[in-house]
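Be aware that the sequence shown starts at 4, since it is given in this note's numbering, and climbs by one per residue.
Please keep in mind that the hints were generated in silico from the structure rather than gathered at the bench.
Even glycine gets a Cβ: it sits at the ideal position worked out from N, Cα and C.
Careful, some of the hints might be misleading.
As the list claims (entries may be wrong) - Beta-carbon label-pair distances, calculated as ranges: (1) I147 x A302: 36 to 42 Å; (2) A121 x P155: 35 to 41 Å; (3) A229 x A121: 30 to 36 Å; (4) L77 x S252: 39 to 45 Å; (5) G313 x L77: 24 to 30 Å; (6) G123 x R267: 52 to 58 Å; (7) Q240 x A121: 35 to 41 Å; (8) G284 x R180: 30 to 36 Å; (9) G123 x N246: 31 to 37 Å; (10) N314 x P79: 52 to 58 Å; (11) S252 x D148: 31 to 37 Å.
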Amino acid sequence: SRMGKVAGCDVLPVAGSPQCYGYRSRVQLKVSNRDGTFALGFFRTGSHQVVDIGPGCALAAPHLNRVLAEFRSLLPSMPQAAGIPQIDLSIGDDGRCIAIVHCTLKDPRQLVERLAAAHGDLPGVSGLFVRSGEKGELEKVSGIDSLDYGIPAGLFAGSREMRLRFGRGGFSQVNYRQNLELIRTVGEWGDLKGKERVLDLFCGNGNISVPIAPCAGEVVGIEGYAPSIADAVTNAQANGVHNATYQVSDAALAVRRLAKRKERFDLVILDPPRAGAEAAGDIALLAPERIIYVSCDPATLARDLAVLSGNGYRVTRSQPVDMFPQTYHLESVTELVRS
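Turn these sequences into a full structure, and let the hints steer you where they fit.
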């Protein structure tokens, strides 16, 4: 309220996480192998010194720590390990894991071949990739290409059981249980009756729009990352959703394009990255009755709420969600209605 100069918002009690530890489904591990000293862990705050985390990370899901131990056993004996600055680990809610090994070697094929030969030493890894080059291109070593997670039936009125996939390197919320809290809140607050047009900006793999689509008349999803849009299309088809379409586009450009065509939406959902939503300034042109803003950064949320409030919308309620226990980060879902 203070930062965004927004008054009258009902801030609800924080939705706590059922898991305080072992909840993270994704980790980015830094690697250091210099002067005979091997370290696998995270950067020390404000530096590029790798702090070794020993047996694992208390916030990571147990299976991720088992995979971490497998890499810890394998990497020190690999000559190519000097060219590995980072390893990304992700799991689905079924425990399958994809590992992306970053490579700075001039010839990444050396690492690809070595990892292919050593994949038996990584039994906890279901899909293995090497990321290299200035563009961060991914080369498959072995295994699966995507992970998935479930949405239970009855999460909100009219919701169905679904499974949603996301490809290797794609975005997913790190806390699956609290992700359900986000979807539930949007679904309940959306209060869709089957006729509404819904616009989902920064839709990702359809994490929110696919579950709510059966309750709406039409859903349009916008996302700038093409592989995530491919996942959203696949998720809609796989779950029998036929009233959702997805477009690869910058969100702000898409809003202006839709406004130029005089398109109108009953509900706009925003779930932007930490930098916030440049599109906030033009959303009023689409004349939605309501806006639901999912945010992972209070500062950019306050900035965007001030813009939306200045364009004729009133903030009514906000639901904080403890997505990242043991940290100061907080997710939130905020509703605005047209004044």
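Comparing the hints with the structure gives:
no. : hint                    : in the structure
1   : I147 x A302: 36 to 42 Å : holds, 38 Å
2   : A121 x P155: 35 to 41 Å : holds, 38 Å
3   : A229 x A121: 30 to 36 Å : holds, 32 Å
4   : L77 x S252: 39 to 45 Å  : holds, 41 Å
5   : G313 x L77: 24 to 30 Å  : violated, 55 Å
6   : G123 x R267: 52 to 58 Å : holds, 57 Å
7   : Q240 x A121: 35 to 41 Å : holds, 37 Å
8   : G284 x R180: 30 to 36 Å : holds, 34 Å
9   : G123 x N246: 31 to 37 Å : violated, 46 Å
10  : N314 x P79: 52 to 58 Å  : holds, 57 Å
11  : S252 x D148: 31 to 37 Å : violated, 24 Å
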